[in-house]
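Modelling step: build the complete structure from the supplied sequences, incorporating the hints.
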Amino acid sequence: MSSSTPSGEITERWDAFLAKIKERFEQTMSEAEAGCAALLDDAELDPMPMSNAWNAIRLQMLSLQRKIGDTWSEKIQEQLYDPNGDAKFEGAKVDREYAKGFALEQRIADELQATEVRIFGSAARKIYEVAKTKLEGHFACKQCGTPLQIPKGIFRSIYVVCASCAMTNTFEPGTFARSAEYFCAHYLANETAWPELKAMSAAEFRVNRAIDGDSDSAGEPRTLAMLKMWEAATKKYWEVYLKARIEIIPEYAADYDKDFNGKMQGFYNDVARYDEWKSPTNTSVNT
Amino acid sequence: MTPQPSVSKLSEAFALRRVAVMQTALESSAQGSDAWNRLLAELGLAVPAAKVREQLALRQPLKKGALPVEVRHVLERLQTITRKTLSDAAVGDETSAAFEKTLEHFVEEDMTLYLKAVRPAASPKSIFATAKATTKKYGDMNTKAVVEIVRCKSCGAARPEGTDLRVCDFCGGNFF
Chain A
338 MSSSTPSGEI TERWDAFLAK IKERFEQTMS EAEAGCAALL DDAELDPMPM SNAWNAIRLQ
398 MLSLQRKIGD TWSEKIQEQL YDPNGDAKFE GAKVDREYAK GFALEQRIAD ELQATEVRIF
458 GSAARKIYEV AKTKLEGHFA CKQCGTPLQI PKGIFRSIYV VCASCAMTNT FEPGTFARSA
518 EYFCAHYLAN ETAWPELKAM SAAEFRVNRA IDGDSDSAGE PRTLAMLKMW EAATKKYWEV
578 YLKARIEIIP EYAADYDKDF NGKMQGFYND VARYDEWKSP TNTSVNT
Chain B
-3 MTPQPSVSKL SEAFALRRVA VMQTALESSA QGSDAWNRLL AELGLAVPAA KVREQLALRQ
57 PLKKGALPVE VRHVLERLQT ITRKTLSDAA VGDETSAAFE KTLEHFVEED MTLYLKAVRP
117 AASPKSIFAT AKATTKKYGD MNTKAVVEIV RCKSCGAARP EGTDLRVCDF CGGNFF
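Listed in order, the protein sequences are those of chains A and B.
Per our numbering, the very first residue in the first sequence carries number 338; after that it's consecutive.
Per our numbering, the very first residue in the second sequence carries number -3; after that it's consecutive.
Keep in mind that the hints were calculated from the coordinates and are not lab data.
Hints are not guaranteed to be accurate.
Unchecked claim - With the Cβ distance kept under 10 Å, some of the chain A side facing chain B (calculated, not the full set):
(1) S367
(2) C373
(3) S388
(4) L485
Just so you know, even glycine gets a beta-carbon here, dropped at the ideal spot from N, CA and C.
And the structure:
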């Protein structure tokens, strides 16, 4: 007896499994954000314990995400296809069941990324505000006591020459202020560039899922236009990110072109593996 | 003279036994089960008192299965018995060498899989507690911004502008 639709039992089991995954994920995420914020406060704004905890949670959720694909491959798929590989049910109906799992995988990936940007952005903002206050003091030459002019937006150890006695003083900003450069600058810039980060991730994902142009498999074929969209989204992200970083560390402006080209070179190294990128119609200078 | 079983038959019997041990362990609980207790007795292992099991269970929460320490004892006993049987069969060929290698490693392999199956996933609460307890502190986050002059330890001269001298060029003393 054949059916055009996967049996109720199969779809019920699959739906129940996905519902459990979704519940576990949502519960963990609801605790993660508040828990990380509390851990940061508890550690007197040292971001290390919070980073370690988030990393453990993230790995756990990625493992949860993998279970979706594994369960589909190992338990559900075998019931939807006969031993010859022919679908027992209407292809569109099977695709719909697959799409449910895929949609949840995507949601987990997107929310993990969004939550990470929020958690670390929020932490960076808290730390940055305190770091700035640490640099608002009056600093005087150790030799003659004349007030020293410490440049703004410097969060590392620098030499400052006294205008009165010409003595070289070493300005040490302290641990908090140093964290403004090694921690805050990146996460605040990432938060500012969040829409561009999302767009870049989506473009990259589309390219990764696309199939080779000459493949017989079902799916969206990869095209040069798709790769160019990924390139454009990547350029936009790095532009916004690097400029946001300069707002915090002004001296980074001097290296903007070098930094931007360096980041884009990483992209060009990656995209070079696709034959479509090497098309003679590609006018990008990096092919 | 009773003929000794072949290595392949020994290996087959061992594989079945190994699967049965893990199955029985997983279907049991920290307090044990009839089937699990029977297995312990068959292998000549003492069945722990209920109170002992209770105290161990408090220390290591499990989602299911027999206590890991009991599972290890069972696997080690199975290893000993099987090694003796293999040795009595007195076979020294390639097949027995491969089987011996399996016997050498299977206890740790099975324990790793078993622990993965029975340990509950860490909750966010326990992850935060672990992160707080185990992150090393490499420095005090509250050190202040300060200005210092690097001076020679011998003559007190300040380190000249634009240099990274480690040795004073006035008296030869060290800056650091």
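Cross-check of the supplied hints:
1. S367: Holds. Min distance 9 Å.
2. C373: With Cβ-Cβ at 8 Å, under 10 Å, it holds.
3. S388: With Cβ-Cβ at 8 Å, under 10 Å, it holds.
4. L485: Status holds, d = 6 Å.
Hint compliance for this structure: no hint is broken.
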